[in-house]
Amino acid sequence: MAQIQKQTDTKQSLPVPPQPEEETSLRGTFASVMILGTLIILSWLSAFFLFLERQ
Amino acid sequence: MHLHKFEKIWLIFGGITLVAFLITLGVNAFSHGHHPPSDLSRVQPAMVDQTAPFDKPGLVKTGENKYDLNMPSFVFGYAPNEIEIPLGAEITFHTTSKDVVHGFAIPGTNVNMMVVPGHVNSATTTFKKPGDYVILCNEYCGAGHHMMMAKIVVK
Ligand SMILES: [Cu+2]
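Keeping their order, the protein sequence lines are chains A and B.
Letter by letter, the first sequence follows residues 3 to 57 in the working numbering.
Letter by letter, the second sequence follows residues 5 to 159 in the working numbering.
Incorrect hints may have been included.
[Unchecked claim] A few chain B residues facing chain A, derived, Cβ under 10 Å:
no., residue
1, 17
2, 25
3, 125
Simulated from the structure, these hints should not be mistaken for lab results.
We treat Cβ as the ideally placed atom computed from N, Cα and C, and that holds for glycine.
Please put together the full structure from these sequences, using the hints given.
Here it is, written out as C-alpha cells:
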C-alpha cells in the first residue's frame with residue numbers, strides 16, 4: 003500500500019509529457035463498413051452477371 | 005496525418021473495389037463491346053417512312069444466323085406489330101420515332117432503349133429460349149402509352 007502510494011506520488015510530481023489522445027475504438031464502425039462494402043459488391047456483381055446472362 | 009489502422013484497411017478495401025469495378029467495365033466495354041444501346045445515325049422524323057431502312061420495316065438477313073430488325077416507333081405502336089424470329093439468331097434492332105419520345109424494351113433481355121425523334125437507336129440481342137416476347141414502350145408518350153406494344157415469337 004505504502005509503495006503504491008509512493009509511486010503515485012512520484013508520477014504526479016514528475017512533469018508529464020503530453021499524452022497522445024487515446025484512440026477511439028472503431029471496431030463497430032469497421033464491422034459496419036465491411037458489411038456495407040460486401041453488400042455493395044454483391045449487388046454490383048448480381049446486376050453485372052444478370053447483364054452478361056442476357057447479353 | 006494520423007489514420008487509425010482500421011481506417012487504412014477500409015480505405016484500401018474501398019480503393020481496390022473501385023479499381024476492380026472500373027477495370028471490369030473497361031475490359032467489357034473495349035474488348036467485348038458491351039455498352040448501352042446506342043447509334044450515331046440520324047433521321048428526319050417526318051421522313052421516317054421514306055428513309056431506308058425504315059421505309060421497309062421488318063427482318064433483314066445480314067449474315068449467318070444474323071438479322072437486322074428495322075422497327076419504327078410511333079404513337080401508339082411499332083411496325084411490324086408482330087414478328088417471328090428464328091431461335092438462336094443474333095438480332096440487331098434498329099428503331100427511331102416518327103413523333104414523340106418512346107421507349108423500346110424487351111423484358112428478359114438487355115434491349116432497353118430510349119427512342120428520340122431524329123435519332124436512330126440500336127441494340128443487339130440473341131434469343132436463346134423459344135416463346136413469346138413483348139416489346140414495350142417505357143417512356144410515357146401520350147393517352148395510348150399503355151397500349152403501345154409489339155409481339156415477338158421466337159421459334
Ligand atoms: Cu410510346
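A quick look at each hint next to the structure:
Against a cut-off of 10 Å between C-beta atoms, the interface hint on residue 17/B holds, since the closest Cβ of chain A lies about 6 Å away. Interface restraint check: residue 25/B against chain A, minimum CB-CB distance 6 Å, threshold 10 Å, status holds. Because the closest C-beta pair between residue 125/B and chain A is about 18 Å apart, greater than 10 Å, the hint is violated.
Violated hint: 3 only; the structure is consistent with all others.
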